[in-house]
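2 protein chains.
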Amino acid sequence: MITTHLTYDDLMAWEHRKRANFVNSIGGFKSVCLIGTKNKARQTNLAIFNSIVHIGANPPLIGFFIRPDSVERHTLENIIETGTYTINHINENIFVQAHQTSARYPRDISEFTKANLTEEYLNDFFAPFVKESTQKIGVEFKEKIDVPLNGTSLLIGEIKSTYIPKESLKDDGFIDLEESGTITSSGLDSYHTTQKLARLSYAKPDQWPSHI
Amino acid sequence: MITTHLTYDDLMAWEHRKRANFVNSIGGFKSVCLIGTKNKARQTNLAIFNSIVHIGANPPLIGFFIRPDSVERHTLENIIETGTYTINHINENIFVQAHQTSARYPRDISEFTKANLTEEYLNDFFAPFVKESTQKIGVEFKEKIDVPLNGTSLLIGEIKSTYIPKESLKDDGFIDLEESGTITSSGLDSYHTTQKLARLSYAKPDQWPSHI
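Line by line, the protein sequences give chains A and B. The first sequence begins at 1 in this note's numbering and counts up by one. The second sequence begins at 1 in this note's numbering and counts up by one.
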């Protein structure tokens, strides 16, 4: 194997788009989801995000990063205005439609319509879920933490409601996302299904983990 | 398909470990990497993290979340002390060893030794890389941002150096991680290889994206 060594200076000398592809790839595979929102005038918005992160389980918190000066600003505005949003997993059947939501539509056009995805309202939750998604989370906005280094923000919310396929939930709380068709992404535009290697037992100092 | 609906109260009523499995799963597939550090006394440390996130490309920034009161504290202490760390992707050949680094070893024991992984020093970078990894990043610590909601912290660093297989780097800056064997994780303990569906073209309002 021939190794390529690239330094900070090498990357900074590249044109913007090439550097974006590289830096978005080098972090590894990512969660990719659709975030659904609605403003007080009942205009819906749907946008794809690949920066979803687990923040903590007690209480159940989930986060994502947003660039306030980008096409993502409609999502941010709606979350600030209403305090509510949904996170919907993407599967093989809808990944092209999900990608299409990243196109630059004007404020008064819903990406649900343009990407042929269906708004779904569950148990009086204000923000729209994506009907075609198999793993859905209703989130209440808790905190926006700015990253001064580059002007992005981390939005953190509390998990209020989840809708998942019954058979994907295991007795120990693990959700088999592969079984339910959730996919992963890499870089800015690459989508992948997964194939399980193993679940491994809790690691202890004196023994190798076993398959569980 | 039968859907299970779980609320915040349902999750909070579960015992800690079950809730941790669930909330760590519901966010989707994740990047899983080994973070290598060394303190000033030259004691090395290696720890697995599944909370790596892309922060931005200009400048190239990468982040991860850490729980300061956990087994992860050695990593945090070394980063604060030396300002430097490495992020190393995990492949199918080393995922069991990588998982083993999460066992609770004392401060003066290196997980490199206990997990049968090899320290590698490249171009005078202070922190140790993992020789068995095929995608490696040398990072300079820039900022620690605390999350008051639950006491975790986001550590952000600048990408100073990368070592990747020559053939995995494409002309447009995209890195084919699947080709080089990088794997993904879900929940706290599940590891998966990937199978590419497609790369999609930049989304524009008036046309569906095409495969690139």
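Mixed in with the good hints there might be a few duds.
What the hints assert, rightly or not - Simulated pairs of lysine-lysine, BS3-like, Cα-Cα distance not exceeding 30 Å: (1) Lys204(A) to Lys114(B); (2) Lys114(B) to Lys18(A); (3) Lys204(B) to Lys131(A); (4) Lys204(A) to Lys131(B); (5) Lys160(A) to Lys204(B); (6) Lys170(A) to Lys18(B); (7) Lys196(B) to Lys166(A); (8) Lys204(B) to Lys131(B); (9) Lys196(A) to Lys131(B); (10) Lys144(A) to Lys18(B); (11) Lys40(B) to Lys196(A); (12) Lys170(B) to Lys142(A); (13) Lys196(A) to Lys144(B); (14) Lys204(B) to Lys40(A); (15) Lys196(B) to Lys131(A); (16) Lys131(B) to Lys144(A); (17) Lys142(A) to Lys196(B).
Please keep in mind that the hints were generated in silico from the structure rather than gathered at the bench.
Checked hints:
1. Lys204(A) to Lys114(B): Holds. Lys204(A) to Lys114(B) sits at ~11 Å (cutoff 30 Å).
2. Lys114(B) to Lys18(A): violated, 39 Å
3. Lys204(B) to Lys131(A): holds, 23 Å
4. Lys204(A) to Lys131(B): Given that 30 Å is the threshold and the Cα spacing comes to 23 Å, the pair holds.
5. Lys160(A) to Lys204(B): violated, 34 Å
6. Lys170(A) to Lys18(B): holds, 10 Å
7. Lys196(B) to Lys166(A): Distance of about 27 Å is within 30 Å: holds.
8. Lys204(B) to Lys131(B): violated, 42 Å
9. Lys196(A) to Lys131(B): It holds: about 24 Å lies between the C-alpha atoms, which stays within 30 Å.
10. Lys144(A) to Lys18(B): Holds: Lys144(A) and Lys18(B) sit about 28 Å apart, inside 30 Å.
11. Lys40(B) to Lys196(A): Judged against 30 Å, a Cα distance of about 39 Å means the pair is violated.
12. Lys170(B) to Lys142(A): violated, 40 Å
13. Lys196(A) to Lys144(B): violated, 34 Å
14. Lys204(B) to Lys40(A): Within the cut-off at roughly 27 Å; holds.
15. Lys196(B) to Lys131(A): Roughly 24 Å between the alpha carbons, so the hint for Lys196(B) and Lys131(A) holds.
16. Lys131(B) to Lys144(A): Roughly 38 Å separates the two Cα atoms, so the pair is violated.
17. Lys142(A) to Lys196(B): violated, 35 Å
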